[in-house]
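Protein chains in written order, with the numbering used here: chain A, 17 to 444; chain B, 17 to 444; chain C, 17 to 444.
Fair warning: there could be bad hints in the mix.
Copies of one chain are not kept apart here, so a pair can be met inside one copy or by any two copies together.
As the list claims (entries may be wrong) - Calculated cross-link-like contacts (lysine-lysine; reagent style DSS-like; alpha-carbon spacing at most 27 Å):
#1 K63 <-> K135
#2 K329 <-> K63
#3 K216 <-> K226
#4 K143 <-> K63
If you're looking for bench data, these hints aren't it; they were derived computationally from the structure. Please read these numbers as outputs of a predicted model, since none were measured by experiment.
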Amino acid sequence: MLRTEINELLTQTGPGTRMGDLFRRYWMPALLAEELPDDDCAPVRVKILSERLVAFRDSQGRYGLVDEFCAHRGVSLWFGRNEDSGLRCAYHGWKYDYTGQCVEVPSEPETGNFAANVKLRSYPLVKVGDVLWTYLGDPEHQPPLPEWEFVRVPGEQTYTSKRWQECNWLQALEGGIDSSHVTFLHSGNLNTDPLFKGSKGNEYNKNDVKPFFEVAENEGGLLIGARRNAEEGHYYWRVTPWVMPNFTMVPPRGDHPVHGHFWVPIDDENCWVYTFDYHPVRALTTAEVDAMKAGLGVHNENIPGTYRPVANKDNDYLMDRDAQRRGEMYSGIKGIAIQDSSLQESMGPIVDRTKERLVATDAGIIKARQRLRKAALALAEQGTPPPGLAPEHQRIRSASIVLPADQSMLDGVRDAVVARPGVAQTTV
Amino acid sequence: MLRTEINELLTQTGPGTRMGDLFRRYWMPALLAEELPDDDCAPVRVKILSERLVAFRDSQGRYGLVDEFCAHRGVSLWFGRNEDSGLRCAYHGWKYDYTGQCVEVPSEPETGNFAANVKLRSYPLVKVGDVLWTYLGDPEHQPPLPEWEFVRVPGEQTYTSKRWQECNWLQALEGGIDSSHVTFLHSGNLNTDPLFKGSKGNEYNKNDVKPFFEVAENEGGLLIGARRNAEEGHYYWRVTPWVMPNFTMVPPRGDHPVHGHFWVPIDDENCWVYTFDYHPVRALTTAEVDAMKAGLGVHNENIPGTYRPVANKDNDYLMDRDAQRRGEMYSGIKGIAIQDSSLQESMGPIVDRTKERLVATDAGIIKARQRLRKAALALAEQGTPPPGLAPEHQRIRSASIVLPADQSMLDGVRDAVVARPGVAQTTV
Amino acid sequence: MLRTEINELLTQTGPGTRMGDLFRRYWMPALLAEELPDDDCAPVRVKILSERLVAFRDSQGRYGLVDEFCAHRGVSLWFGRNEDSGLRCAYHGWKYDYTGQCVEVPSEPETGNFAANVKLRSYPLVKVGDVLWTYLGDPEHQPPLPEWEFVRVPGEQTYTSKRWQECNWLQALEGGIDSSHVTFLHSGNLNTDPLFKGSKGNEYNKNDVKPFFEVAENEGGLLIGARRNAEEGHYYWRVTPWVMPNFTMVPPRGDHPVHGHFWVPIDDENCWVYTFDYHPVRALTTAEVDAMKAGLGVHNENIPGTYRPVANKDNDYLMDRDAQRRGEMYSGIKGIAIQDSSLQESMGPIVDRTKERLVATDAGIIKARQRLRKAALALAEQGTPPPGLAPEHQRIRSASIVLPADQSMLDGVRDAVVARPGVAQTTV
């Protein structure tokens, strides 16, 4: 249970909020690279941390992320012409380069200095992997580029999708660090989905339905372990890393690709979920990529031309009570991603955490909130940079592993959770 | 005309409001029994008096009406699994019985007492007739079960439908106690609708278009009489009972079934209209039931799978100006129910009663508001139980009757308005 | 850039606002005459200056514009019966004549005086040309009927259409007095549209892409001139008149019909754009009228049965990026009207003018705002009638003309901008 003011602290990420200031210390996914596929392609509206922006890719392949609205009279630059190394407002032809610098105001004398004094608010937009990343904070605090393994492995080893979720980022993230719901909500999928089925780990899962949860502090965030019985004198551990503020990974199964999420605030009542799947040491197979594109695994099917799920709150997520009854889908909703979003959205746009009743298996959620709160206050009050900025905090992996009963999780997985180029994931 | 504060008093029925407290003294229709047709069928979202609830029918046929949201983290239980005598949250498997008592929290040790200390807000849900009734008030004040004749006659003698009306409950109710609009708004239907046409009473109706209205206090509410000329020295009376706070009946015509309504607040800007038709002493004929199901009489046609009318404010209620011009439908809108809802919704979600201009024929409305206000204040200030709770207040009927000119309405209909098992309605 | 309080002053036109009081000094277009085509036809809902009204045409062809809601209980009179020289409420048959006077309350004794004391708020509604005009102000200040040439020429010489624009009236108007955007936003249309192409003026346009703008005060408003190079020692002038508060005209091209707009507030976040095309001295050709009806020129295509454009913000105005890229349509949006509305709506319902950055070519906008503000304050503080009320202020035209380089615009166009019956427009 949280007090109202703490719930507000954690859920509000617009300009001038404390959590907003914290987010503005990190590189965040702003778009998939596929959204700006070509030089001079159509610009894209982007809303992130409650700021309305427009992204474009100029004639030289440079990415721009600038205020959506022209400095002149406030018209949306989404209607603009992306041409000749700049985005030109469709109203009076004011032209901006990829840094937001105004480079031409056709009505003003060419000899004058007018355009030079006009600059849109703008942010860096950088392609790393299949994602375009932005940093909305003060340039003097800009950290190194993202080091997440899913964007650092070769392109054929990774796949990322994206969906709009109609609730606050935090209740979406909380699903990502809450391993305990997998046993229930997703139980119908683990043994049938081609991206999950057929590992030894799944059998441990099935044989012990009351896992014990252990949450360990990590430099960049948390390591959340779910412990189940394995062979005599051994435990099967599934370890979910959370890195501040909004990165999580699902523990692997057999040789399947590893997956995880970024939970990025659009505004306080909406977020983008970036979902990735990668294999550290081999290319994804055609069958795997096809399954991901079809919305299997942790991905989902979107309405064509959009990133809104086909199954959404307007159609009750295509609830199938018969499938629920037959046990094929625990909640009657198809697909892990939509199973999560349906429930998280059902809590309301921003859940009232003064009413909740947390239990032992919520330890990960409780600790994550504490760290977020502590980091936001330390930043606001002492200017302390938050955890998760260092490249080594980002070179992390989930892991699944069998350990002797007397070995601690932290000891046992210390190596396994480090992302090392050319080294396979630790998985069972 | 009402002062703003009285309009607010009468129209607000959420928790903690005075009119809300008054409604919380009565059994109210919460669902049609058809909405929970089988044991372990799909749960149904219910909003009533601004409270968000979920209704379900357990494996043993017991009905539950509980807080829509899980006590754990606030997920909607509508997504839950209704199985093994309880409703199980789809997120982490917390399970509740039909009383809202938590009976299982899978992550907690079975030996512990955790679940026993978790209980959802819940209300009784009882099938009487074709309706599931709830009582949202303090258990110590719970009155006897409803005695309304339409739910007490054998099943083959009664039929109930339901529709969503997009305005405050009071302006919907006011249509039900306002006999004077029938002459205008519904004039196209009385002589053609198979559930209305062909009674002697209809002729009196036609021959005297300026009825005189008399409103008499009754123990449970009001008796509203419309008096028209009949044979020499006689009057034709149509008597509409209103029982506190939201039950009304239409006076009968010939041997047609008798009908009436419950006007149940969903929230302050929406209400459910429960519409019933029954015959006190005979089964409804197949033709009658078919007509009701087809939306004739006081029923209506809903969008399949919902209780929203096909003709609604988004499509201007399928206004047919040609039919209006030809006089088939006075307002151009088809069907008595939608004629009412179209006009009542056109007043806005909550009509501003400071602007109205009432006349003699609004006497029923004026007196009903006075009694509602008085009862709400007496309950709030002295704790006085409101009228309409006693079973005998509910054993009431509408009536149509020819009386000698020198007989008072109250004297003349005293017996006719009492619902007596096995005795036919008094009708002309 | 405007201060917030001035932006509010200029954009708010509801009852009791200063700009609302100013608008209530003028005759305003309320409907197209085609909306009330016959005696006793269907009434039409009208919202103007934030007032909700209903318009009807009675059995004798008289136009009424009255409060939308019945004086009795507040039901919308849109559902009423328009018959026997009055509009009758569908609820209880209260009947109103075209002045809003209640003429019958069926439930009240005919001998009484009840109806005589009931009168709806009402405004004059007068057909001049193809438009029904209303005046919402104090009757004692009612000015003479409109004298605009487009409604005074014979019917075969003029055509008017109408569309809903989803933003405040002022940012729509500002498009009308902003000649400088034509060179950019509308550049794809001028040489291809049958209602624009093929004039000498278009060549001057093409040869000088940096026009100089001059704004002159006129008694009723402004004359906004765009000056381009013509033959040696001469300038080509295009002159746009703005008459207070919301009338503008586009300078003519060759012998094409002349066009212009009224920008009428619906409420603070919506406006009606009335768009006219007329020729002062000849009938419009069939080809011209067909083109206008097809949405060419400054007209547009509406969703059938409505005045909402087919291309609107819900479908991103049918943006065609390929056509944008090929240069056919500068912004990728088809049609001059929708090119304007798309950008103006993209600024938000009421643009925040504290953030804008105006330049020399915005001189017309700046001066228009100043005059509006000054006139609204003078009316509020000293009761001074605003400019634009006198018939001679309305007998105005746009003009395009070649003048010697040493002649001032005002001198050169003084005669050309006066609308004189039987005299052709001044055009190049």
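Hints violated by the structure (numbers, ascending) = none
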